[in-house]
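Undergrad: Here are the chains, one letter per residue:
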Amino acid sequence: MILTKVDYFENKGQDNYWEIKDVNLGMFSLIIGQNATGKTRLVNVISGFAKMLSKKIPLIQTGNWNLKFRNQTTNVDYEYHLNISKGVVNLEEVKLGKKLLLKRQKEQGELFSNTKNKMIPFNPPEDELTVHVRRDVKEFPFLEDFLRWSNNFHGYSFTNVKPDHITIPGKSEILLEDLSTTPYLLIEALKTKDIIKTIKQDFSSIGYPIKRIAVNPKKITGASNDILFATVWENDLSCTTDQLSMSQGMYRAFSLIIIIEYLLRLKKECTVVIDDLGEGLDYQRSSKIIDLLIEKLDKSQIQLITTSNDRFLINAVDLKNLNLLERKGHFVFSYNYKNSKEKFDEFVYTGLSNFDFFSGKMYKEWSQS
Amino acid sequence: MKKIAIFVEGQTERIFVEKFLIEYFGYYKIELELQKYLGTKGIKFLGKRENPYAQFFVLIFDVGGDSTVVTALKERAENMINNSGYSYILALQDLYPRKREEKNIVIETFGKIFKDYFFADKLKLILAIMEIEAWFLADYNLFGRISPLATTKLIQEKIGVDLIHDNPESYRHPSSIINQIYSIFGQKYKKREKQSYQIVYKIDFPFLICTEIILDKVSSLKYFIDCLDMSFS
Numbered sequence: 287m288i289l290t291k292v293d294y295f296e297n298k299g300q301d302n303y304w305e306i307k308d309v310n311l312g313m314f315s316l317i318i319g320q321n322a323t324g325k326t327r328l329v330n331v332i333s334g335f336a337k338m339l340s341k342k343i344p345l346i347q348t349g350n351w352n353l354k355f356r357n358q359t360t361n362v363d364y365e366y367h368l369n370i371s372k373g374v375v376n377l378e379e380v381k382l383g384k385k386l387l388l389k390r391q392k393e394q395g396e397l398f399s400n401t402k403n404k405m406i407p408f409n410p411p412e413d414e415l416t417v418h419v420r421r422d423v424k425e426f427p428f429l430e431d432f433l434r435w436s437n438n439f440h441g442y443s444f445t446n447v448k449p450d451h452i453t454i455p456g457k458s459e460i461l462l463e464d465l466s467t468t469p470y471l472l473i474e475a476l477k478t479k480d481i482i483k484t485i486k487q488d489f490s491s492i493g494y495p496i497k498r499i500a501v502n503p504k505k506i507t508g509a510s511n512d513i514l515f516a517t518v519w520e521n522d523l524s525c526t527t528d529q530l531s532m533s534q535g536m537y538r539a540f541s542l543i544i545i546i547e548y549l550l551r552l553k554k555e556c557t558v559v560i561d562d563l564g565e566g567l568d569y570q571r572s573s574k575i576i577d578l579l580i581e582k583l584d585k586s587q588i589q590l591i592t593t594s595n596d597r598f599l600i601n602a603v604d605l606k607n608l609n610l611l612e613r614k615g616h617f618v619f620s621y622n623y624k625n626s627k628e629k630f631d632e633f634v635y636t637g638l639s640n641f642d643f644f645s646g647k648m649y650k651e652w653s654q655s
Numbered sequence: 139m140k141k142i143a144i145f146v147e148g149q150t151e152r153i154f155v156e157k158f159l160i161e162y163f164g165y166y167k168i169e170l171e172l173q174k175y176l177g178t179k180g181i182k183f184l185g186k187r188e189n190p191y192a193q194f195f196v197l198i199f200d201v202g203g204d205s206t207v208v209t210a211l212k213e214r215a216e217n218m219i220n221n222s223g224y225s226y227i228l229a230l231q232d233l234y235p236r237k238r239e240e241k242n243i244v245i246e247t248f249g250k251i252f253k254d255y256f257f258a259d260k261l262k263l264i265l266a267i268m269e270i271e272a273w274f275l276a277d278y279n280l281f282g283r284i285s286p287l288a289t290t291k292l293i294q295e296k297i298g299v300d301l302i303h304d305n306p307e308s309y310r311h312p313s314s315i316i317n318q319i320y321s322i323f324g325q326k327y328k329k330r331e332k333q334s335y336q337i338v339y340k341i342d343f344p345f346l347i348c349t350e351i352i353l354d355k356v357s358s359l360k361y362f363i364d365c366l367d368m369s370f371s
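Residue numbers (our numbering), protein chains in the order written: chain A, 287 to 655; chain B, 139 to 371.
Simulated from the structure, these hints should not be mistaken for laboratory data.
Please read these numbers as outputs of a predicted model, since none were measured by experiment.
Check the hints yourself; a few may be wrong.
Said to hold, decoys possible - Straight-line Cα separation of at most 27 Å, DSSO-like style, residue types lysine-lysine; simulated pairs:
# : chain 1 : residue 1 : chain 2 : residue 2
1 : A       : K650      : B       : K241
2 : B       : K241      : A       : K647
3 : A       : K307      : A       : K582
4 : A       : K457      : A       : K342
5 : B       : K328      : B       : K291
6 : A       : K582      : B       : K328
To be verified - Facing chain B, a subset of chain A residues (Cβ under 7 Å, in silico):
#  : residue
7  : L550
8  : Y569
9  : F598
10 : Y635
11 : T636
12 : G637
13 : D642
14 : S645
Every residue gets a Cβ at the ideal spot worked out from N, C-alpha and C, and that includes glycine.
Whole structure, please, built from the sequences with the hints as guidance.
TA: Structure representation (C-alpha cells):
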C-alpha cells in the first residue's frame with residue numbers, strides 16, 4: 287500500500303493554525319518549496335501519522351489527517367480521515383472507494399465486518415485508535431492494511447546524519463529506524479549475499495569509488511561495550527577512511543545507499559521518506575544520487591517521498607514527480623501534476639530546467655501575464 | 139567587432155558549431171571562444187581561437203548536462219546584451235524528445251518566455267529536427283569516410299535507411315540511426331568527445347552548406363544558416 291494524498295490541518299481557528307492541502311504522491315515524489323514553506327513539517331505530518339499507527343509514538347495530541355492510500359495488490363483506494371483534539375479521537379473514518387468501513391466519534395463507532403458483511407458497533411476508548419483496539423485479520427482486513435503500511439514506513443532526515451553520531455540499536459527493528467545505525471546495519475547486511483558488491487557499485491556510481499567496506503569495533507572512553515564504526519577504502523587512497531574521517535555528504539550518501547539496498551533486499555512493500563535529500567553533497571553527486579535512487583527503486587515495492595531545495599536534484603527528476611509547496615500565512619498549497627496538469631504540460635515546451643518552473647513560479651499563470 | 143553568442147546543449151553541438159563557423163566564415167573572419175557551464179562549479183574556459191583581424195567574435199556556450207539552453211539564456215541574455223555588447227544570441231537545441239508536431243508549440247512558448255524583454259528580437263531559437271545528428275546524416279557520404287564498410291549502399295542493405303533520398307529530418311531519433319550505422323563497422327555511437335570530433339571533422343561542410351537540394355530538405359539546418367547570416371550581417 288502506498289500513500290497517495292495528504293491533506294492536513296491543526297489548531298483551526300487558533301493563532302497557531304496550520305494547514306497543508308493537496309499533496310499528491312506517487313511511487314516517487316519530490317517535495318520542493320522555499321525555506322520555511324513547510325517541507326519538513328509535511329514530512330513530520332506523514333511520519334507522525336505512521337508512527338502513531340505503528341505505536342512507535344503515543345497518540346499525537348492534536349491534528350486532522352485526511353489521507354488517501356492505494357493498495358497496489360488489490361488496486362483499491364482507501365481514504366483515512368482522523369481528527370484528534372487534546373488527545374481525544376473526535377473522528378476516525380475509513381472509506382474504500384465510496385464504501386464506509388469505519389466511522390467513529392470518540393467512544394461511539396461502527397466498523398465493517400467482512401465475516402458478517404455489515405457494519406457492527408464498537409466502543410473504543412476515546413484516546414485509542416481503532417487499529418489498536420480492534421484487530422481481526424478476517425473480520426477487519428482493512429485495518430491490517432493500515433498497520434502493515436505503518437510498520438513498513440521509514441522516515442529519515444538526510445541532514446541529521448553525522449559521521450560521529452552512532453545509534454546502537456537495542457533490538458533489530460531499530461536498525462531501520464534511523465540512518466545513524468549504519469555500522470550495525472552493515473553487519474546485518476553482510477549476511478546477505480553480494481550486498482557489499484552492490485553497495486560498492488552504487489557508491490562508486492555517485493562519485494565515491496571504493497574497493498573495500500568494513501566494520502570495526504572501537505573502544506570509546508565511558509562506553510561499556512565497543513562501538514562499531516564503518517570504514518571504506520577509496521580507490522585513489524593508500525589507506526582506509528573510517529566514518530569519523532568521512533565528510534558529512536559522503537557519510538550521508540553512504541548510509542542512505544546501505545539502507546536502501548537493505549530495504550530492497552527485504553522485498554517488502556514500504557514507504558520511505560527522506561527529508562532534505564542531497565543536503566551536503568556537491569551538485570554532481572546530488573543529481574547522481576537521485577538518479578541512482580530512481581533507477582534502483584524503479585519497479586520495486588518501495589515508495590520514495592523526498593524533500594529538497596537542491597537545484598540540480600530538482601533538475602534531475604521528471605517534472606510530473608514534483609510537489610511544489612507555496613505558503614500564504616498559515617496555509618500551504620501543493621501544486622502538482624494532478625491539480626495543475628495544464629501548467630505542468632505547458633512548461634515542458636519551454637525547454638527550461640525544472641528549477642525555473644519552481645523559482646519562476648511557472649506552475650501559476652506565467653504564460654498569460 | 140560584432141559579438142555573437144551561440145548557446146548549445148552539449149559537447150557534440152559545441153564541436154559541430156565551432157567547425158561549422160570556421161568552414162562557413164573562414165578562419166580569417168572570426169574569433170572564437172568556447173565555454174562550458176559546470177553548475178555550481180562555475181564556467182570552464184575550454185579555449186579560444188584568437189584573431190586580431192576578425193570581424194566577428196563568437197562565444198560558443200555549452201550549457202552542459204546540468205542546465206538547458208533556454209535556462210542558460212534566461213539567466214544570461216540580459217546581461218550579455220545590455221552590458222557585454224552581444225548583438226545576437228542564438229540558442230541551438232534538439233527538438234527531441236518533444237514530438238515533431240510539437241515544434242510550433244516549443245517555438246511559441248520560447249516567444250512567450252522572452253516576450254516582455256526589450257531584447258527579445260535579439261534571441262533566436264534554432265531547433266534541430268529531431269536532433270543535430272540529422273544534419274550529419276544529410277551528408278550522406280559521411281560514413282563512407284569513417285569506414286569503408288559504411289557506404290550508402292551498404293547502409294541501405296544492412297539497416298534499410300536510404301540516406302541519399304530520405305529527408306534526415308523525417309527520422310524520429312537520428313542519433314539512433316547513426317548508432318545503427320556505426321554497428322555496421324562494429325562500433326557504437328556514444329557521443330564521446332573523441333567520437334564527436336571524429337564524426338564532425340569528416341563532414342563535407344561545403345556540400346552541406348552549398349547543396350541546394352540538401353538545404354531545401356533539411357529546413358532546420360537552413361534556418362541555422364539564415365540566423366547566422368542575419369546575425370553576422
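Undergrad: Now tell me, hint by hint, if it's right for this structure.
TA: Okay, the hints, checked on the actual structure:
1. K650/A <-> K241/B: Holds, because 23 Å separates the two Cα atoms, which is no more than 27 Å.
2. K241/B <-> K647/A: holds (24 Å)
3. K307/A <-> K582/A: violated (30 Å)
4. K457/A <-> K342/A: Satisfied, since the Cα-Cα distance of roughly 14 Å is no more than 27 Å.
5. K328/B <-> K291/B: Within the cut-off at roughly 24 Å; holds.
6. K582/A <-> K328/B: holds (23 Å)
7. L550: This hint is violated: L550/A lies away from chain B, its Cβ roughly 27 Å from the closest one there, beyond 7 Å.
8. Y569: Cβ of Y569/A sits 4 Å from chain B, so the hint holds.
9. F598: holds (6 Å)
10. Y635: With a closest approach of 4 Å, the Y635/A hint holds.
11. T636: holds (5 Å)
12. G637: holds (4 Å)
13. D642: Status holds, d = 5 Å.
14. S645: violated (10 Å)
Hints 3, 7, 14 from the earlier list are contradicted by this structure; the remaining hints agree with it.
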